[in-house]
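Chains as they are written, first to last, in our numbering: chain A, 1 to 544; chain B, 1 to 326; chain C, 1 to 293.
It cannot be assumed that every hint is accurate.
Keeping only pairs whose Cα atoms sit at most 30 Å apart, straight-line, the calculated DSSO-like set for lysine-lysine is [stated by the list, open to error]: (1) Lys187(B) with Lys251(A); (2) Lys349(A) with Lys277(A); (3) Lys210(A) with Lys231(B); (4) Lys211(A) with Lys187(B); (5) Lys59(B) with Lys210(A); (6) Lys84(A) with Lys94(A); (7) Lys39(A) with Lys272(A); (8) Lys162(A) with Lys455(A); (9) Lys187(B) with Lys207(A); (10) Lys59(B) with Lys455(A); (11) Lys111(A) with Lys251(A); (12) Lys59(B) with Lys197(A); (13) Lys59(B) with Lys132(A); (14) Lys84(A) with Lys132(A); (15) Lys233(A) with Lys187(B); (16) Lys210(A) with Lys108(A); (17) Lys124(A) with Lys59(B); (18) Lys139(A) with Lys187(B); (19) Lys211(A) with Lys59(B); (20) Lys187(B) with Lys181(A).
Ranges between beta-carbon positions, derived for each pair [stated by the list, open to error]: (21) Glu95(B) with Asp279(A): 31 to 41 Å; (22) Glu95(B) with Arg498(A): 48 to 58 Å; (23) Pro73(C) with Ala55(B): 54 to 64 Å; (24) Lys59(B) with Gly385(A): 24 to 34 Å; (25) Thr376(A) with Ala42(C): 29 to 39 Å.
Think of the hints as simulated: they come from the structure by calculation, not from any bench. Just so it is clear, CB atoms sit at the ideal spot from N, CA and C, and this is done for glycine as well.
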Amino acid sequence: MKLFRAISFQTSLVARLSVLLAAVAVLPATPACAADGPKRGGTLTAIVQPEPVTLTPAFNTATPTQIVAGNIFDGLVYYDPALKPQPSLATEWKVAEDGLTISFNLRKGVKWHDGKPFSSADVKWSLENVWKTIHPRNKAIFENVATVDTPDDNTIILHLSKPSLPILSVLNAVGAPILPKHLYEGTDILNNAYNNKPVGTGAFVFKEWKKGEYILLERNPDYWEPAKPYLDKVIFRIIPDAAARAAAIEKGEVQYATFNPVSFREVERLAKLPSLKVDTRGYDWLSPVLYLDFNVENQYLKDVRVRQAIAFALDKEALGKVVWYGYGKPAVSPVPTALTAFHDASVPKYPFDLKKAEALLDEAGFRRGPDGVRFTLHHDFLPYGDDYKRTGEYLKQALKRVGIEINIRAQDTAAFIKRVYADRDFDISSSYNGAFPDPQIGVVREYWSGWLGSKTPWTNGSGYRNAEVDGLIQAAAVEGNPKKRTEDFNRFQQIVQRDLPTLPLLELRFFTLHSSALKDVVLQADQSYGSLKNAWFDQAPAQN
Amino acid sequence: MIPVSVRFFGRRALQLVIVVLGIAITNFFLLRLAPGDAAQVLAGEAGSATPEYLAALRKQFGLDQPLPVQFALYLRNLLSLNLGFSFRQGLPVLELIAQRLPATLLLMGTSITFALLVGSAMGVAAARRAGRATDTVISSIALLFYATPVFWTGIMLIVVFSVWLDWLPVGGMTSIERGYTGLAYLKDVAAHLVIPATTLGLFFLAVYTRLMRAAMIDVQQQDFVRTAVAKGLRPGRIAYRHVVRNALLPVLTMLGVQVGAVLGGAVLVETVFSWPGLGRLAFEALFQRDLNLLLGILLCSSVVVVLANAAIDFLYTVLDPRIELS
Amino acid sequence: MALVDIVAHIPPARIAQDNAFFRTARQPSAVVGVLLLGFVVAMALLANQIFPGDPLDFVGQPFQRPGEDPSFPLGTDMLGRDLASGIFHGARISLLIGAVATAMSLVIGVGVGAFAGYYGGKIDASLMRLTEFFQTIPPFLFALTIVAILQPSIATIVGAIGVTAWPSLARLVRAEFLKLRHGDMVQAEIALGASDMRIIFRHLLPNTLAPIIVSASVMVATAILTESSLAFLGLGDPNVVSWGGMVGAGREVLRSDWYIATLPGVAIVVAVLALNLLGDGLNDAVDPKQERR
Numbered sequence: 001m002k003l004f005r006a007i008s009f010q011t012s013l014v015a016r017l018s019v020l021l022a023a024v025a026v027l028p029a030t031p032a033c034a035a036d037g038p039k040r041g042g043t044l045t046a047i048v049q050p051e052p053v054t055l056t057p058a059f060n061t062a063t064p065t066q067i068v069a070g071n072i073f074d075g076l077v078y079y080d081p082a083l084k085p086q087p088s089l090a091t092e093w094k095v096a097e098d099g100l101t102i103s104f105n106l107r108k109g110v111k112w113h114d115g116k117p118f119s120s121a122d123v124k125w126s127l128e129n130v131w132k133t134i135h136p137r138n139k140a141i142f143e144n145v146a147t148v149d150t151p152d153d154n155t156i157i158l159h160l161s162k163p164s165l166p167i168l169s170v171l172n173a174v175g176a177p178i179l180p181k182h183l184y185e186g187t188d189i190l191n192n193a194y195n196n197k198p199v200g201t202g203a204f205v206f207k208e209w210k211k212g213e214y215i216l217l218e219r220n221p222d223y224w225e226p227a228k229p230y231l232d233k234v235i236f237r238i239i240p241d242a243a244a245r246a247a248a249i250e251k252g253e254v255q256y257a258t259f260n261p262v263s264f265r266e267v268e269r270l271a272k273l274p275s276l277k278v279d280t281r282g283y284d285w286l287s288p289v290l291y292l293d294f295n296v297e298n299q300y301l302k303d304v305r306v307r308q309a310i311a312f313a314l315d316k317e318a319l320g321k322v323v324w325y326g327y328g329k330p331a332v333s334p335v336p337t338a339l340t341a342f343h344d345a346s347v348p349k350y351p352f353d354l355k356k357a358e359a360l361l362d363e364a365g366f367r368r369g370p371d372g373v374r375f376t377l378h379h380d381f382l383p384y385g386d387d388y389k390r391t392g393e394y395l396k397q398a399l400k401r402v403g404i405e406i407n408i409r410a411q412d413t414a415a416f417i418k419r420v421y422a423d424r425d426f427d428i429s430s431s432y433n434g435a436f437p438d439p440q441i442g443v444v445r446e447y448w449s450g451w452l453g454s455k456t457p458w459t460n461g462s463g464y465r466n467a468e469v470d471g472l473i474q475a476a477a478v479e480g481n482p483k484k485r486t487e488d489f490n491r492f493q494q495i496v497q498r499d500l501p502t503l504p505l506l507e508l509r510f511f512t513l514h515s516s517a518l519k520d521v522v523l524q525a526d527q528s529y530g531s532l533k534n535a536w537f538d539q540a541p542a543q544n
Numbered sequence: 001m002i003p004v005s006v007r008f009f010g011r012r013a014l015q016l017v018i019v020v021l022g023i024a025i026t027n028f029f030l031l032r033l034a035p036g037d038a039a040q041v042l043a044g045e046a047g048s049a050t051p052e053y054l055a056a057l058r059k060q061f062g063l064d065q066p067l068p069v070q071f072a073l074y075l076r077n078l079l080s081l082n083l084g085f086s087f088r089q090g091l092p093v094l095e096l097i098a099q100r101l102p103a104t105l106l107l108m109g110t111s112i113t114f115a116l117l118v119g120s121a122m123g124v125a126a127a128r129r130a131g132r133a134t135d136t137v138i139s140s141i142a143l144l145f146y147a148t149p150v151f152w153t154g155i156m157l158i159v160v161f162s163v164w165l166d167w168l169p170v171g172g173m174t175s176i177e178r179g180y181t182g183l184a185y186l187k188d189v190a191a192h193l194v195i196p197a198t199t200l201g202l203f204f205l206a207v208y209t210r211l212m213r214a215a216m217i218d219v220q221q222q223d224f225v226r227t228a229v230a231k232g233l234r235p236g237r238i239a240y241r242h243v244v245r246n247a248l249l250p251v252l253t254m255l256g257v258q259v260g261a262v263l264g265g266a267v268l269v270e271t272v273f274s275w276p277g278l279g280r281l282a283f284e285a286l287f288q289r290d291l292n293l294l295l296g297i298l299l300c301s302s303v304v305v306v307l308a309n310a311a312i313d314f315l316y317t318v319l320d321p322r323i324e325l326s
Numbered sequence: 001m002a003l004v005d006i007v008a009h010i011p012p013a014r015i016a017q018d019n020a021f022f023r024t025a026r027q028p029s030a031v032v033g034v035l036l037l038g039f040v041v042a043m044a045l046l047a048n049q050i051f052p053g054d055p056l057d058f059v060g061q062p063f064q065r066p067g068e069d070p071s072f073p074l075g076t077d078m079l080g081r082d083l084a085s086g087i088f089h090g091a092r093i094s095l096l097i098g099a100v101a102t103a104m105s106l107v108i109g110v111g112v113g114a115f116a117g118y119y120g121g122k123i124d125a126s127l128m129r130l131t132e133f134f135q136t137i138p139p140f141l142f143a144l145t146i147v148a149i150l151q152p153s154i155a156t157i158v159g160a161i162g163v164t165a166w167p168s169l170a171r172l173v174r175a176e177f178l179k180l181r182h183g184d185m186v187q188a189e190i191a192l193g194a195s196d197m198r199i200i201f202r203h204l205l206p207n208t209l210a211p212i213i214v215s216a217s218v219m220v221a222t223a224i225l226t227e228s229s230l231a232f233l234g235l236g237d238p239n240v241v242s243w244g245g246m247v248g249a250g251r252e253v254l255r256s257d258w259y260i261a262t263l264p265g266v267a268i269v270v271a272v273l274a275l276n277l278l279g280d281g282l283n284d285a286v287d288p289k290q291e292r293r
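Extracted from the complex, chain A is given alone in its bound form (with noise of 0.2 Å):
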């Protein structure tokens, strides 16, 4: 092999989060457990919800099946809160300065669930038939490699045609996950049943899963890390109404749920209980953006003057503080803050201005009628729930005050998906994404043209088009020099934030609550979908 240079992926990101790691790393020191440290023992409740399709995270990125697959299956990394990949199936890692060689070192002596050893050949096969084939995000990340050796059963190298910078932010369990081959190879994988009973090297055995009641894991005793993990079981029950699962919380029956698992307002009162801990970390990984897509074809819509005016009617602050009980923050640039080596904070801004969105829609030529209305919209929410349904009420009375009439459409999933995604039938929708670490993985998709017309969920929802974004976003993702890289990004930002087909509004911050006993939770930007292995209780948690 050639030169090697040690990572330094996203270094930046360490000095902003110091606060945080200082945070974690004062939490063993806390007179309760400053004696004896962790604690062995007990059985954790979680909630999931929905419940999963499946349980393996090679086909489905799905939030549900990853929170639980998370805890079953190790990635070769993790990534702590400065968003730095920490060893975890792989020991050592190594990018040659071409960035055209990556290499890794394997964790010797790990076993599967089912005793067989794990080793180079499970990762290759699951990179080759896995992560560049039917994993839903990583197909464009992988697509470079070339060739895979593993010249030994710790070592597995990859020859990449062109650099693929973004490869080290997606190593994660859930992020690039390793299949066992012996299980998988000459199988149909999406029909293999070890989907629904997996089998991973993770701190947690799958047991059970009552479908619509829960998924049971038990400890690993086998697990690579000595003494990991802590708990007996972990439990992860099925609770569909939000109003059940806050009494679950509040009553204790369960000690650990994540992502906003009960209503805003649920939280403020449940925070307060000394029993419960509301945490708004291990979601940096995913970096949620709440955005709305103005559909670029419509007679108004295609007018960038009234997308403008649009953004400018819009009290984001406000948006934020009450439809949003303080859990957003203004977003500025649909590439989030804490994405810092690619954040762009000087792009064009649309502050809370009633008096220019009306001049620029009278600009436009839609002036008010003799009712005081411009014209009228339709806006399809994204139906996840009330926080949506809410941000489409607050939407619709925003834009009367500057004469626009929206028109508020409640469908199911399925029926936005198809309605935004494939036919196209929309004007305004709303809608959320992981930026994740790389803005090639989470955000570009939402406006690169060569998506339109493949009527995939997620991707460029507003039909814009603009070939030197194109020509950007194609260059950053075989660029090997992270400065020119970050360049092109900000020139990215620069023009879709002044042609506005899509408008960033908040950065959403989810909240896990779990229980005061339960003790060294969150430890990683990816905890969310990370495992629980470093979790303990203090106490035998109160249950009733």
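Chain A is already provided as a structure; the job is to place chains B and C on it using the hints.
Structure of chains B and C alone, referenced to chain A:
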């Protein structure tokens, strides 16, 4: 007698087949009017997808076949009593239904029994003091429960009995972490059943209160009772003896009608209480466009309704020989 | 499930006897029903006068408790919308849903029941199969499916409730028609050569009106409840304010701000109660066999 009942059951069986086929055909095409398909839902939930991924899912689900082919396949499966495969759940529909049906039947049975017993008791109490304040209060309470949205009652009962008083679990069907077996398991399930069954039962209470009250009053007005009263017997005693027969037929009729309604109400109650039953499964299948599963559940609930009503018609003849099987 | 189904499902021969339980309703309760319903209707009619402006507007601080601010006597919801205004305007939508859905059910149910009962034979048999077919699908599940397929809006919600609520009415009307069909009056009309339509609309229907009106009042109540359940499951129309929609939106803050879901819930209870009491009262008033106790 025997030939009549044979003809009765033969006709009912034929009716069942016709209804089931009719429902299968209607629902098959009705459900396919729903916008979007299961592959889009899955891709949507995943938060990311590629066209290749969508195509692979459609192929896996058989959605790439033309509609007539899908329908022919479905009919062929149905004729061999195979309800198809739920690709989303990765299990045969029949197996999924078999897993969930007991929970729903338990919930339905308990809540109807509750409604019947408590409702009847309230009806009798009201009739005995007909026209007085007690009657008004009882009738009003029954009606009030009927008028209150089921989900609201459910959430309120959780707040009071689970969170505040801490007597009963919040939801679900078992305390999984305890790993109960045997008698302890049954007790555990019973504890989980109390609030959901009461919630559903309270809604249906009013009907039985009214039926029983009416039957009681009716009996009190009948000639033989008046005669008996004239003879100096206490009306209450006579009424009790006759009221059961008098009330049983309308109650039975009501039960038949309510089977369908209780199944519908189960959607709400199972959602509020995370009860792992068929109603919730149907609701989820609807939103996930898991049409094979939804179709299977709709068929299954129709069969339950038809069977329940056939059983009730048969019971009529047993209870009242004047009624003939038709 | 409507109480009226009891009547609909009792074999025709026993109708008179089982009507007895309706006899039990006393006049005072009917009066209360009329008063309550009058109040609800007045709320609907006067909504624009008392609370001009869009009830969906964010007019105040969110989460103001009832009485906290005199300008919002019933408080505000999570977005600062006036709850009192919502409840008044909601009365319109909820009553509209109830009335239109019931009207739909009446047209279908009375039509099917009348033709089946009047013509009998094959027509009766096939219409009754149709009725049975609709009856075997749990009505709420059916309504849910229809709304989900057509996507929620006032029109689809009304349509779904209307299409699923008629079978019991059809059976009721058929039973009444069967009774009257062979009566002397109808036989005389037939002998005189009157057309079927004339007999159905001039003679039979007017004589069946009483139980139909009783059923209708209860069906309106059931429709209001069904709409609220649909809204609870997320299948409401977000463009208008309905009681069901308000309860649905408020349920997630039920623990901290009980009044947001409870006040519109009380409105539902009052309306449903009123309609049921009214149904009882009407039944008393039109039932010639009524005996006062």
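Structure-based check of all given hints:
At most 30 Å may separate the alpha-carbon atoms for a hinted pair to count; Lys187(B) and Lys251(A) meet this at roughly 20 Å. Between Lys349(A) and Lys277(A), the direct Cα distance comes to roughly 36 Å. Violation of the 30 Å bound is thereby established for this hinted pair. With a C-alpha separation of about 65 Å, the suggested pairing of Lys210(A) with Lys231(B) is violated against the 30 Å cut-off. With a C-alpha separation of about 22 Å, the suggested pairing of Lys211(A) with Lys187(B) holds against the 30 Å cut-off.
For a cut-off of 30 Å, the pair hint linking Lys59(B) to Lys210(A) stands: about 27 Å separates their Cα positions. In summary, the hint linking Lys84(A) to Lys94(A) is supported, as the alpha carbons are separated by about 14 Å, within the 30 Å threshold. Straight-line distance between C-alpha atoms of Lys39(A) and Lys272(A) comes to about 26 Å, which keeps the hinted pair within the 30 Å bound. Proposed proximity of Lys162(A) and Lys455(A) is supported: the alpha carbons are some 28 Å apart, at most 30 Å.
A hinted pair counts as satisfied when its Cα atoms are at most 30 Å apart, and Lys187(B) with Lys207(A) qualifies at roughly 24 Å. With a C-alpha separation of about 16 Å, the suggested pairing of Lys59(B) with Lys455(A) holds against the 30 Å cut-off. Distance check on the hinted pair: Lys111(A) and Lys251(A) sit about 38 Å apart at the alpha-carbon level, beyond 30 Å; violated. Distance check on the hinted pair: Lys59(B) and Lys197(A) sit about 23 Å apart at the alpha-carbon level, within 30 Å; holds.
With a CA separation close to 19 Å, the supplied pair Lys59(B) and Lys132(A) stays within the 30 Å bound. Simply put, Lys84(A) and Lys132(A) have alpha-carbon atoms about 23 Å apart, close enough for the 30 Å limit, and the pair holds. As the CA atoms of Lys233(A) and Lys187(B) are separated by approximately 23 Å, the hinted pair is consistent with the 30 Å bound. The straight-line distance between the Cα atoms of Lys210(A) and Lys108(A) is roughly 34 Å, outside the 30 Å bound, and the hint therefore fails.
Distance check on the hinted pair: Lys124(A) and Lys59(B) sit about 26 Å apart at the alpha-carbon level, within 30 Å; holds. Taking the CA atoms of Lys139(A) and Lys187(B), the gap is near 51 Å; set against the 30 Å cutoff, the hint is violated. Between Lys211(A) and Lys59(B), the direct Cα distance comes to roughly 25 Å. Compliance with the 30 Å bound is thereby established for this hinted pair. With a C-alpha separation of about 44 Å, the suggested pair Lys187(B) and Lys181(A) falls outside the 30 Å cut-off, and the hint is violated.
Checked against the given bound of 31 to 41 Å, the beta carbons of Glu95(B) and Asp279(A), roughly 39 Å apart, stay inside it. Taken as a hint, the range 48 to 58 Å holds for the pair Glu95(B) and Arg498(A), whose Cβ atoms sit roughly 56 Å apart. Checking the proposed 54 to 64 Å range against Pro73(C) and Ala55(B) shows it holds: the Cβ atoms sit about 58 Å from each other. A hinted range of 24 to 34 Å for the beta carbons of Lys59(B) and Gly385(A) is consistent with their spacing of about 31 Å.
The supplied range of 29 to 39 Å is met by Thr376(A) and Ala42(C), whose beta-carbon atoms lie about 32 Å from each other.
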